[in-house]
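Using the sequences provided together with the hints, build the complete structure.
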Amino acid sequence: MFEARLTQGGLLKKLLDAVKDLVTDGNFDCSTTGFGLQAMDTSHVSLVSMMLRSDGFDHYRCDRNISMGMNLANMAKMLKCANDKDIVTMKAEDQGDTITFMFESENQERISDFELKLMDIDSEQLGIPDTEYTATVRMPSSEFQRICKDLASIGDTVLISVTKDGVKFSTSGDIGSANITIRQSTSADKPEDNTLIDMQEPVALTFALRYLNSFAKATPLSPTVTLSMSKELPVVVEYRISDIGHISFYLAPKIEDEEMDDNE
Amino acid sequence: MFEARLTQGGLLKKLLDAVKDLVTDGNFDCSTTGFGLQAMDTSHVSLVSMMLRSDGFDHYRCDRNISMGMNLANMAKMLKCANDKDIVTMKAEDQGDTITFMFESENQERISDFELKLMDIDSEQLGIPDTEYTATVRMPSSEFQRICKDLASIGDTVLISVTKDGVKFSTSGDIGSANITIRQSTSADKPEDNTLIDMQEPVALTFALRYLNSFAKATPLSPTVTLSMSKELPVVVEYRISDIGHISFYLAPKIEDEEMDDNE
Amino acid sequence: MFEARLTQGGLLKKLLDAVKDLVTDGNFDCSTTGFGLQAMDTSHVSLVSMMLRSDGFDHYRCDRNISMGMNLANMAKMLKCANDKDIVTMKAEDQGDTITFMFESENQERISDFELKLMDIDSEQLGIPDTEYTATVRMPSSEFQRICKDLASIGDTVLISVTKDGVKFSTSGDIGSANITIRQSTSADKPEDNTLIDMQEPVALTFALRYLNSFAKATPLSPTVTLSMSKELPVVVEYRISDIGHISFYLAPKIEDEEMDDNE
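Protein chains in written order, with my numbering: chain A, 551 to 814; chain B, 551 to 814; chain C, 551 to 814.
Everything labelled a hint here was simulated from the structure, so no lab data went into it.
When chains are identical, the list treats them as one kind, so a pair holds in a single copy or across two.
EDC-like cross-link-like pairs, simulated, lysine to aspartate or glutamate; straight-line CA separation at most 20 Å:
#: 1; residue 1: Lys630; residue 2: Asp706
#: 2; residue 1: Lys699; residue 2: Asp567
#: 3; residue 1: Lys667; residue 2: Glu643
#: 4; residue 1: Lys630; residue 2: Glu693
#: 5; residue 1: Lys740; residue 2: Glu656
Because the structure is a prediction, the values reported are computed rather than measured.
Shown next as structure tokens:
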């Protein structure tokens with residue numbers, strides 16, 4: 551039996567909104583560690599990895615490891631029916647073919663249960679190597695979202711260059727080119743408004759803006775986002791979710807030649 | 551001659567928004583009693599009955615009963631041109647072929663008159679029998695709207711079950727099933743936030759969500775909605791409009807066999 | 551070399567939003583006088599004339615007159631990437647084939663430069679004769695926008711009639727007709743909420759609502775709009791932009807016969 555209760559029910563809704571356009575179907579893995587998902591996007595280019603730790607739930611019980619295949623659009627439809635302040639409980643039998651989402655209003659006057667049919671999904675667990683990154687940028691997530699959206703109106707790819715002074719996002723397209731530079735800062739009134747750079751050596755990598763814009767749908771989950779980069783390695787775009795876990799996206803950089811082709 | 555003046559002009563706008571998607575053309579009946587409309591929806595499944603009592607107007611004059619055929623979309627277009635705080639006056643000659651909507655701004659600096667062409671519409675007045683209902687539920691109208699919208703993302707029909715403790719809305723569809731239960735409550739700070747149940751015997755009826763969602767467009771007219779139900783009779787979904795009248799919708803329940811067919 | 555710096559960067563964004571649907575490509579003229587644009591709309595019916603005076607900029611340098619052809623949709627895309635409070639600087643070389651828009655955030659932590667490719671555009675400078683108008687109406691720009699939008703739901707053209715008491719906007723169409731009268735007023739708390747009429751003789755002219763609705767996209771640039779009219783002459787719809795300039799639209803009236811045809 552699996553049962554997990556979350557007072558801040560709006561969180562699950564935001565989580566699904568962050569991944570449902572990227573991943574169609576996915577296996578959610580429940581264990582004593584927590585409730586997680588790891589999946590390639592539908593075009594098999596990027597990887598999303600999400601984990602809500604068991605200790606972050608108000609109540610959590612998982613008798614044995616189970617993997618539940620769900621259609622994310624349908625799961626999102628059901629979670630959309632919860633109010634942001636509802637308490638959400640997920641329930642599933644070990645051998646069952648459904649998962650139940652229960653929503654309780656604060657005053658207990660409205661109680662809903664939504665039962666979603668599970669599906670069999672083939673998927674291989676992908677090992678994500680633990681990597682030391684040569685450059686890490688922590689910046690306001692809304693700023694990152696805005697930049698990816700703005701640059702996508704000019705070009706298809708973005709070159710992200712990190713130096714010790716700041717991070718520069720550059721693109722070019724048919725109508726012209728653009729550079730947006732964010733300086734390192736430590737002075738903002740709210741710590742989450744700062745941009746922090748941790749760097750062993752400068753790095754400059756090119757990515758498809760389309761995917762970064764998809765990742766940025768996780769913005770409501772966290773005030774900050776962390777970009778971890780090393781030469782020739784996939785970037786990790788990570789949103790830490792206060793007190794309970796994180797959602798991370800992995801995307802391989804474009805190599806020089808590909809980039810040249812795109813701009814022709 | 552017909553002339554009716556309403557200080558809260560925004561009311562007519564909301565009224566038209568509530569019925570214009572359900573009814574294309576309708577005969578508005580003016581008498582000394584008031585200004586009313588009774589019409590079947592375009593698919594001849596549901597019935598809408600609206601009445602604004604003459605005593606609810608700031609000024610009301612109706613020399614003889616007249617029936618004015620109007621296209622509701624066009625009427626809504628004209629009423630949309632009124633500001634919410636405008637004073638609205640409707641005027642028509644007994645034998646005329648137009649109705650005039652006059653809008654005056656509070657400070658009298660803006661005066662508009664919109665003249666709508668009337669149409670001949672065949673329609674029979676339908677007698678609505680005065681029925682005693684075995685169960686009546688009065689609940690916040692926004693809650694009812696939300697439930698109908700949420701359940702429509704899962705299934706096509708809703709089973710409404712009333713017991714003395716509460717009212718349950720259930721649906722099922724390809725992706726799963728859902729139940730939303732609202733408990734009877736009398737404790738809310740604002741009386742209109744309570745859910746009140748008046749019941750002789752439990753009743754459970756199934757309705758097409760599509761129509762309930764259309765009815766719910768009347769939500770801005772009233773903070774509460776009343777559902778009146780008896781076995782095998784049409785449900786009445788009524789929005790009372792403060793100090794002046796009401797708009798009611800009638801919809802026959804689906805019988806068991808139909809419902810089974812729908813779910814196959 | 552051309553360089554112009556504007557603290558209120560949001561202004562340029564609003565300016566482009568006001569003309570980009572009317573004009574596809576245009577030559578911006580830079581001189582010691584200021585930064586201006588004059589262009590026919592794509593259907594060659596109306597004329598837009600815009601001027602930002604050099605003294606309205608925080609810094610302005612123009613070594614020699616240059617004319618820069620730009621696609622307005624692309625220019626708008628780039629300006630959309632500025633925050634409303636950003637300082638915007640435009641830069642161009644005398645013989646260059648690009649213009650650079652630089653955006654600086656208030657705290658200097660975000661600096662962007664967007665480089666737009668220039669284009670060669672054939673256009674003749676049109677002389678706009680300096681005319682004395684027999685009637686001038688200054689009214690709240692939002693009121694004018696609302697009227698043009700409302701009347702367009704009823705008819706295609708509007709008859710604007712100015713008398714010393716007020717200005718009347720009339721239309722008619724298949725579903726009926728409408729008149730909206732705004733009285734002259736001098737009593738509003740905020741002077742820009744007043745409607746002021748300056749008139750030598752009454753004037754009544756008919757215009758295509760489609761174009762007036764396009765002009766009204768300049769509403770965010772100014773709280774008031776001025777309509778200047780004389781018999782058989784194009785109306786001037788002018789939005790004055792505080793401390794720096796104006797944007798004006800010219801539209802010829804429909805002559806009686808055309809109007810009759812439209813209504814048949």
